[in-house]
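Trainee: Model the full assembly from the supplied sequences, consistent with the hints where possible.
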Amino acid sequence: MSARFYADLALVTGSSVGLPEHAARHVQVLRLQPGDSITLFNGQGDGQAGSEGEFEATIERMGRSDVQVLVGAYTATRREAPRAVHLAMGMPANERMDWLVEKATELGAASIQPLMSERSVLRIKGDRADKKLAHWRGIAIAASEQCGRNRVPLIHEVTSLSDWLKSCAAQTPPAQAGTRLLLSLQDGTQALTQALAGNNTFTFLSGPEGGLGPAEEAAAMAAGFRPVTLGPRVLRAETAPLACLSLISLLSPT
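Residue 172 in full-length UniProt numbering sits at position 172 of the sequence shown, with consecutive numbering throughout.
Bear in mind the hints are in silico, worked out from the structure with no lab data behind them. Heads up, a few of these hints could be off.
[To be verified] In silico BS3-like cross-links for lysine-lysine, where the CA-CA straight-line distance does not exceed 30 Å: (1) Lys166 with Lys131; (2) Lys132 with Lys166; (3) Lys166 with Lys125; (4) Lys103 with Lys131; (5) Lys103 with Lys132; (6) Lys125 with Lys103; (7) Lys103 with Lys166.
Mentor: What follows is the structure, given as structure tokens:
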């Protein structure tokens, strides 16, 4: 299997294109040479609505910092999860957010919304938030290249939980918004497995270290989120969203 690279370009069989900086740098690191074959994907397939796949490509020229390739045949390849899962979570501290983005990408998350909440340890804004966002998007690209996904999950800009919930509450949820679920430790919450029937699109909201506060959970429920539980054990902030993704993957039709 040839090395895979994400290229945010319009790819057309028979065209010659220069690879984006990150892909060109990776080709250089791997010491590939003119004539070597690689695989490209752009998240858009062959440009047809709903298409998903990848292109063969051949390296034509290696410059000091640029790489030119000839785009070859397109292969339609479906590797996305049958159910779209959007994660919204209080950001865990240190490198745990990096790990979460990587593993959520591998497990098929459609998008990730980093949130700052009452108990968040990690609080970022301005230039630091922009740098973190670029870093996380790079992690998602690398994870997609490695695991075989042909679409890169969207990593949204960091925002506060209160602002995000206001935008959710203001929406008249369209059909594609799907089911809104809140991971909660409250007594009497519904088991996650019972909440999955009847829809193929989900938004999961989970808290940071220490979870969401009572007022935050109340605000989430007012915005249309239904509390669910993963069971009696308390999972870490970076573990709970991944457990949701894994469970949905196991219970989804193949």
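Trainee: Next, verify each hint and record whether it holds.
Mentor: Against the structure, the hints:
Taking the CA atoms of lysine 166 and lysine 131, the gap is near 25 Å; set against the 30 Å cutoff, the hint holds. Distance restraint check for lysine 132 and lysine 166: the Cα-Cα separation of roughly 24 Å lies within the 30 Å cut-off, and the hinted pair is therefore satisfied. A threshold of 30 Å between alpha carbons decides the hint, and for lysine 166 with lysine 125 the separation of about 19 Å falls inside it, so the pair holds. With a C-alpha separation of about 20 Å, the suggested pairing of lysine 103 with lysine 131 holds against the 30 Å cut-off.
The hinted pair formed by lysine 103 and lysine 132 meets the criterion: a straight-line CA distance of about 17 Å does not exceed 30 Å. Simply put, lysine 125 and lysine 103 have alpha-carbon atoms about 24 Å apart, close enough for the 30 Å limit, and the pair holds. Distance hint between lysine 103 and lysine 166 is fulfilled; the C-alpha atoms sit about 28 Å from each other, no more than 30 Å.
The structure shown violates none of the earlier numbered hints.
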